[in-house]
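The listed protein sequences derive, respectively, from chains P and Y. So the first sequence is numbered by UniProt numbering: it starts at 1 and just counts up by one. So the second sequence is numbered by UniProt numbering: it starts at 1 and just counts up by one.
Bear in mind the hints are in silico, worked out from the structure with no lab data behind them. The reader is advised that the hints may include incorrect statements.
Between beta-carbon pairs, the in silico distance windows are [stated by the list, open to error]: (1) P:S21 x Y:H371: 35 to 43 Å; (2) P:S75 x Y:V460: 48 to 56 Å; (3) Y:M39 x P:A122: 51 to 59 Å; (4) Y:Q372 x P:G233: 52 to 60 Å; (5) Y:S438 x P:A122: 22 to 30 Å; (6) Y:S229 x P:R256: 22 to 30 Å; (7) P:I369 x Y:S58: 26 to 34 Å.
Selected chain P positions facing chain Y (Cβ under 7 Å, derived; list incomplete) [said to hold, decoys possible]: (8) Q113; (9) F348; (10) I356; (11) S359; (12) A363; (13) I369; (14) G372.
Yeah, the Cβ is synthetic: ideal placement off N, Cα and C, and Gly gets one too.
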Amino acid sequence: MDGKCYKLLLIGGAVRLYFSSTSLPSLIGHRVEFATPLNSFKRIQEGVFLLQQGVDPYRGDLVHETPLLLKAISSILIHYAEWLPFLYILLDLCTAALLYSMSRTFVAQKLQQQRQERKDYAKDTEELQYSANDKYIIPELVLVAYLFNPLTILSCVALTSTVLSNLLLAMFLYTMIRRQLFISVALLAFETVRSLYPVVLIAPLLLLFARRSVSLGIGICLLFATCCLAVAGANYFVMNSWNFLDGTLGFIFYFRDLQPNIGLFWYFFTEMFEHFRTMFLITFQLNATVLYLVPLSIKLRKEPLLLATVLVSLTAVFRAYPSLGDVGFYLALLPLWRRCWKFMAHGFVVFTFFLITLSMMGALWHLWIYAGSANANFYFGATLAFCTGQIFLITDLLFAHVKREFCLYNGQKIMIDGEEARILLE
Amino acid sequence: MGLLSDPSLSTHNKLVDNLAKHMRKVCYAFYTAGVIWFMCLALPEFNHGTYLSENALSPGLVYPEIRIDANRLAVQLLEELQRERKDHQSTTPHAWILAKFKEFGLETHTHNYTLRYPFGGGKEFHGKNVYGILRAPRIGSTEGIVFSAPYRAPSSVHVDITSSVPLLLAFADFARRKNYWAKDLIFLVTEQEQLGMQAWLEAYHEGDRDPDSTNSYLLAGNLPARAGSLQAALNIEVQDFEIDYIDVKIEGLNGKLPNLDMFNLVQRIMAREGVTSGYKQTPRKKRRSSLSNYEQNLRQILAMLSTQSSGVPNGNHGLFHRYRIDALTISAAKRVTNSNVKANPSSAAVPLLKAIEGIARSLNNLLERFHQSFFFYVIVHNDRYISIGDYMPALVALAACSVIKAYLTWSTLEATQKSDDANPKTETASGLESIKLSLPYGSVLIYLAAALFIGYMGNVLPLHQYILELPVSAAPLTASILIALNVLGFGLPFVVVLPPGALELLHISLLLIYGCALIVIGLLNFSLGFFVAVLTTPMVIALNTKSSANSTLRSLTRVWTLLLNPLVVIYIIVLIMSFYQFPELTLQQLLLRAATAAMDASTFALIDSVIYGNWLYFAICTVFLPLWIICWTLALAKRRDSAIPQAKLKIN
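Extracted from the complex, chain Y is given alone in its bound form:
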């Protein structure tokens, strides 16, 4: 029997009928298959060892030339900087950094930017980045590599990473003396964490455009000098010269990752210099354990996916990805364990400097942008990865649940309609098609549009001029708008009476849109798509619009749907996180703290979306909230069917 050339006259497929009887079982089977496939990915048979596929990188081909004097310089610079920091409690010692860059003979510039904070009456913040360009002696400035170090003022709440700037400067001094650079090297010191980096990147790439000042919150300004198209970037966060291990951070904006070659390169070079380094490295994790422990691998995968899913970069490198620049952060942790094996302080930074030199020289060899290896991968272990072809089936199986359910529901639509209509069919000509034709497409479309509109408002309203002028601070404002929209969505099915047949159609369209949304979100950010799928697919499968369904089951589905409201999910996630962070709190305190934290989280997500271009907030408002509203409508189905028997009769 050919799929396209099936000669049987009836479109009524027995297989479909049989499958439709076991629709939920089939769907749950697919769901389980997807989850099991995902679990299997942690097995060594399902993932592969990493390898370098870009030959031009040739890591470790040259002997490192950086010597002890660079270390001495770094230590001396650190001492100077520590003295400067005493006078600059909450600012950056720009003058000192500038002077040093100039002293080393770099083309030095500063970059000013302004943040117009939209909330709380519109405050303005100013910031300043310092960067020096080392022009490539061998080529006109067509390509560049960025080495950046964030500077944190002593008043910062984050971990102290003062040593990064001296390290960067010491490397800059070394690099300036060499004549083999084929790409411009940019040494960049940013302040105010990711904001400074974002401003610098925006200025670098879009600075010459006319600023569209009405709508933008970050005024990046322009740069006085550039260095061609940026090929790669390395962000350095060093807590101390005496390092315990290096954590390589790769997750970028919207879950984007640098090319796997870049990660491998860093791993190779670090290994050669004898530095303990790894992905999500912790003090106790071994760098290379041959018996890849299943549980450990799975934890690693989940840890990576959860970092990725929020779409918030976990370092300054993440913002480079937006401009197609492969970047990662090497974050060196201070030595606290085994303090008795203290290394010689006069040469402590040498391995790190050598590693940076090695990375720089490999990047210098690049003939074109990173393109050989994977951009979509999950790191299982420091030297093992899963490629997109292996992990995507898990998500596809989950998305397939909803599509299969949609197909089966659609093909059995006639049967359900017949059983719903008590009176026998009067018109003989009205076959299957005319039932499908007479479905209330218009009202369903309008309902979908209404749900979408409610969600979309979540995007527009908090930034509306009128609302911004209200004398309320950002967090309660955003949260109250979101709650109001959710309540609106909650109430929508109680107010709007859909014509008969609309629920079935709404159900099918929900399933299709849901499947589509999962696949698209999964393509853009696999982690987010996968987590959402794992959380919500069982509920979507359980949804049942038939009036004959079990009432306890139905109320269970309703509770389930309510629990999966985007706001509730965010609250629960924040609650769990605060439970682990503050185990000493009582339940009441915990609930309250989680509520404020969730409010803050929604505001941060909104700010992230307008300043950095993180689309998580947009996705939640415009995709998940409308989908939830429709789910909720469907979960309430029974009450509404019994409420409108008269309207139904009239139409019949």
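If we strip away everything but chain P, and leave its shape as in the complex, we get:
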């Protein structure tokens, strides 16, 4: 970490601090795009109150934070409520710093790997290779993308627990890149018990640590399962009941709250016939977790971090209660693949998509809820377009990566009989 980086962190903190002092937190805290039933601060306040009253918060349908974190936040909220925004800002800055160091390590590893493989590369591919300069540029871009993305800033200002998820994910990625197996498995287990979907990130872990041996893979899986059980057990001892499992994981899996959000679940589950619910529930949850897991793991077996990026972004699109904070997190990982950007054709289109759909969401929400003239279909249209934009982005990244790999070994200009060759997809 150099001086510039500290400066950026300070500015990022100052921006967040400034916005928390305005009227923005309560406004964003009520926006469904940022605050879902899973992560909204209001729910945590409810949970803290219920805890204080000696009521099991997981009996009702309000609180969906794990007992460990709820207890921790409640002790802060009761004694130092006014410091909570500072804590969240600090945690968010930690996330940014972790992402920064993670990307530094990652680029260093890439450079080393490149040195070994250089002789196989084609001639005119310097611009596809990580250069020495990237060691400084990429981490900085990651830092800027996390610190100054309005989505992350706003979700931090609104005190959503996405801040915690992002921190845990960043810690996980950091330890994974640093090859600290035990810590990363423990972190992953912790986050999985909180929000279910990160379970898919076991795939990049396995690819990184156990590519050669099956037994090690099974070992890691067992370790992960034990960690999950341990975390669940720890949560159990906090509450002395297993209700929390249904309140957190069950709540996510069964999609009990139909409050609109930026995802795809709510609209379908409002419209659906009740007796098809189970089937669609399983379909949607499979889509969010394992459907893409196997093909992507096979395709990206050499790039565990890319696999992690894509999985994080896919779950951010398809999960049951997505929020814009999740989107902000995976957007911050994109600069890692800067050398693929050359082949990303839709960057601008996706940006335009994001800009227009996000501003439309505000207008349509107003028309639907306050003015009463539009309806759910309008709003869902905007969120659907937003999801399409995200999928464009993810697909684009994957294709860019494939093309980069191809060009790295075959050269960027392939001439056949003096003409530039067209590459066909078969």
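We have chain P; now place chain Y onto it with these hints.
The following block gives chain Y in isolation, referenced to the frame of chain P:
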């Protein structure tokens, strides 16, 4: 070739390159397509006949029961009221109205409110509304319907609508005798035009909240009695019992409209009672002309959109929309034409009373709020409409111009950069992406923020305590602040020197923000968005930051941009309006009068925004003014490029 799975290695798309060469043509084609689509909407093939989709309304299912005696009562009440008016030249005869409500056996209350006028040293105005509630015999007061009549004192400058109150009272007397009401009926007499209505509605919905008295200008107070959630409202403005026709007014605050079912209901019932009624009805307009005249339809559409675009309600009904209450005004015009076919005065008001009864009974049938039919529509003719799905493509095509231009400009950014930089690229690794990465994002963001700040100040400054205490009246004060901000925006590009490449980036961000703003404003108030798009899109397309552009073209664009400054546009609109209103004035007088009128208009817009929540002023200040500042910066582009060649060299 799949869009997502295009296997070609180069992101350089030939199609995009070719399109980029004809960027302006493509954009103008889209613009023309949008405008032509809009023009087509007036054709009968593009619009649909209205129909009632809420079955619960069942208009005309019951025989009207209101009889001649109600008419007699109304005439008698009118005579009494006329006598009262002699003593109340500029006030409302509250006591008389109260006494009548009580006499008819309604639960009668008054509502006091205060307006703290922020300008001119802070004056206070007081007002009083009178309302009577007829409790529904069949249900506990969970839902209500409002029948309101504005009262105008004889000293008012507006058209005399004294007959509305007697009509309302006569209907109240009739309704009280019936036992079939399933909703509470509220009979409301408001004063001071929309202010009284706004105060009453605010008190009805937010009266029990703690008044945040520091920041509000209208102190609405609380109501002593309510009648559940209001389902619908009918505002009655009657000039005389002998009516020529009825004009149904629907445009509400911020361009909101009541549900189309409500409009259709009124049309159906009026037709059944044999009353000539229509949307924007004029003495000569036929109620139903089967050969829908294209020109007439287009005029009607444009008339509707222009009423809607200012966001100012054209009747008291418009304020209901803010609270999700579907409402409209039936405004009955006095019979002046064909005075020889005078109807029998003893039964003149009967059709109108019957119509009100019919509407009331249909509304009484409602099982839930209006939700079946359209909220977004344009009325083409009394019985034809255009739905949102049909008119939105016009706006989308216009907004698409700027987005397409942004995309093409972005994808050809590399080429323009290369041609601008005379020296060949030194670094082989710096491809397309690194040029895009090295663009001065920071300075462009700061510039955008500065433009936004200037615009935002237009919102804050005129209401700032310090400025309000200045001994200047409202209109010159607001106008001078706005002019000062515009001059600031005008001067901004002369003062600030942007780094190379910033103009291109600024151009792209302008196009994106502009497209976004058009779509969002168009969703909230289609008319405003569409008019702004039609006016400004050609200029935005014409903007060109390339240094190689034709100089006459460039100066033309500058003049064009200057003409589209929000203040200039407002002035021109007011000028045209005053030209039609006062054709006898000389040019100089006209210009002067328009200037004062424009000053007044800006003040009224500001007052509307703080009292009624009209966001037109906010949109002009915070969206259009900053956008204009950026347009102006881009229109000036050439001068600035030649002024900073040295700075450019240094960076290279």
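Hints versus structure:
1. P:S21 x Y:H371: 35 to 43 Å: Between P:S21 and Y:H371, where Cβ atoms are some 41 Å apart, the hint holds.
2. P:S75 x Y:V460: 48 to 56 Å: Violated, since P:S75 and Y:V460 (Cβ atoms, about 41 Å apart) do not stay within the stated range.
3. Y:M39 x P:A122: 51 to 59 Å: Distance hint for Y:M39, P:A122 holds at roughly 57 Å.
4. Y:Q372 x P:G233: 52 to 60 Å: Holds, at about 54 Å.
5. Y:S438 x P:A122: 22 to 30 Å: 26 Å, holds
6. Y:S229 x P:R256: 22 to 30 Å: 28 Å, holds
7. P:I369 x Y:S58: 26 to 34 Å: Holds, since P:I369 and Y:S58 (Cβ atoms, about 30 Å apart) stay within the stated range.
8. Q113: 19 Å, violated
9. F348: Because about 5 Å separates P:F348 from the closest Cβ in chain Y, which is inside the 7 Å limit, the hint holds.
10. I356: Since the shortest Cβ distance to chain Y is 5 Å, the answer is holds.
11. S359: Cβ of P:S359 sits 5 Å from chain Y, so the hint holds.
12. A363: 5 Å, holds
13. I369: 10 Å, violated
14. G372: OK, holds: P:G372 within 7 Å of chain Y, min 4 Å.
This entry does not satisfy hints 2, 8, 13, going by the numbered hints stated previously.
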